[in-house]
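**Student:** Listed below, chain by chain, are the residues.
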Amino acid sequence: KAGVTQTPRYLIKTRGQQVTLSCSPISGHRSVSWYQQTPGQGLQFLFEYFSETQRNKGNFPGRFSGRQFSNSRSEMNVSTLELGDSALYLCASGQDGNEKLFFGSGTQLSVL
Amino acid sequence: DAKTTQPPSMDCAEGRAANLPCNHSTISGNEYVYWYRQIHSQGPQYIIHGLKNNETNEMASLIITEDRKSSTLILPHATLRDTAVYYCIVRPYTGTASKLTFGTGTRLQVTL
Numbered sequence: 001k002a003g004v005t006q007t008p009r010y011l012i013k014t015r016g017q018q019v020t021l022s023c024s025p026i027s028g029h030r031s032v033s034w035y036q037q038t039p040g041q042g043l044q045f046l047f048e049y050f051s052e053t054q055r056n057k058g059n060f061p062g063r064f065s066g067r068q069f070s071n072s073r074s075e076m077n078v079s080t081l082e083l084g085d086s087a088l089y090l091c092a093s094g095q096d097g098n099e100k101l102f103f104g105s106g107t108q109l110s111v112l
Numbered sequence: 113d114a115k116t117t118q119p120p121s122m123d124c125a126e127g128r129a130a131n132l133p134c135n136h137s138t139i140s141g142n143e144y145v146y147w148y149r150q151i152h153s154q155g156p157q158y159i160i161h162g163l164k165n166n167e168t169n170e171m172a173s174l175i176i177t178e179d180r181k182s183s184t185l186i187l188p189h190a191t192l193r194d195t196a197v198y199y200c201i202v203r204p205y206t207g208t209a210s211k212l213t214f215g216t217g218t219r220l221q222v223t224l
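Those protein sequence lines, which keep their order, are chains C and Y. Position 50, counted from 1, in the first sequence is what the working numbering calls 50; the numbers after and before it change by one each time, with no gaps. Just add 112 to wherever you are in the second sequence, counting from 1, and you've got the working numbering.
Just so you know, these hints were derived from the structure itself, not from any lab. Since this is a predicted model, take the numbers as computed values, not measurements. One or more of the hints may lead you astray.
[Stated by the list, open to error] Residues on chain Y that point at chain C, a partial pick, calculated with CB under 10 Å:
#: 1; residue: Cys124
#: 2; residue: Gly127
#: 3; residue: Asn131
#: 4; residue: His161
#: 5; residue: Tyr199
#: 6; residue: Val222
Cβ atoms here follow ideal geometry from the backbone N, Cα and C, with glycine treated the same way.
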């Protein structure tokens, strides 16, 4: 079974631009969560989607948004990028009734 | 979710058992203890979880004290590939793995 796939692996953007990150969950998983990891703040929960609906949301500004498609693939968008958005963005998938989360390798975003 | 306290770092010789402690003195009756680890440049990986009984799987053993205020993750024969940051997370069972709250974890260094 293929794992969680995130693309791209690395991304460089400049301040003010927007970015879209993609995540393909493990086949059969309907829950997709996104996390931001920075050296200063550690791993922080962004949001979770289940069956195309946002089910949980972390404490991030509205510039961070996401969506989930009918095939469970998810995208995360960050608009008006700031230097502080430089981070590793991790996607994780899971199944209801099973509390294991399976993470991808992440997208390393650098904002210059 | 209950707060957890872990030592920031630990060393272990290859082939020896690695015992990683976690303090969760405010844990409530419906909260489980979860362990994840993150190897450099990868997403976190689920290891094991438990409520009150000791648990063992192919990766590790989890020992929870009788009062449930602390636990220990045991890697019975640590290898260099076990070098990672280990996260102890306490949260209620929700039927999903959504919205995990990661602390700062313990950086385990396995040496020859």
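**Student:** Determine which of the earlier numbered hints do not hold for this structure and return their numbers in increasing order.
**Tutor:** 1, 2, 3 and 6
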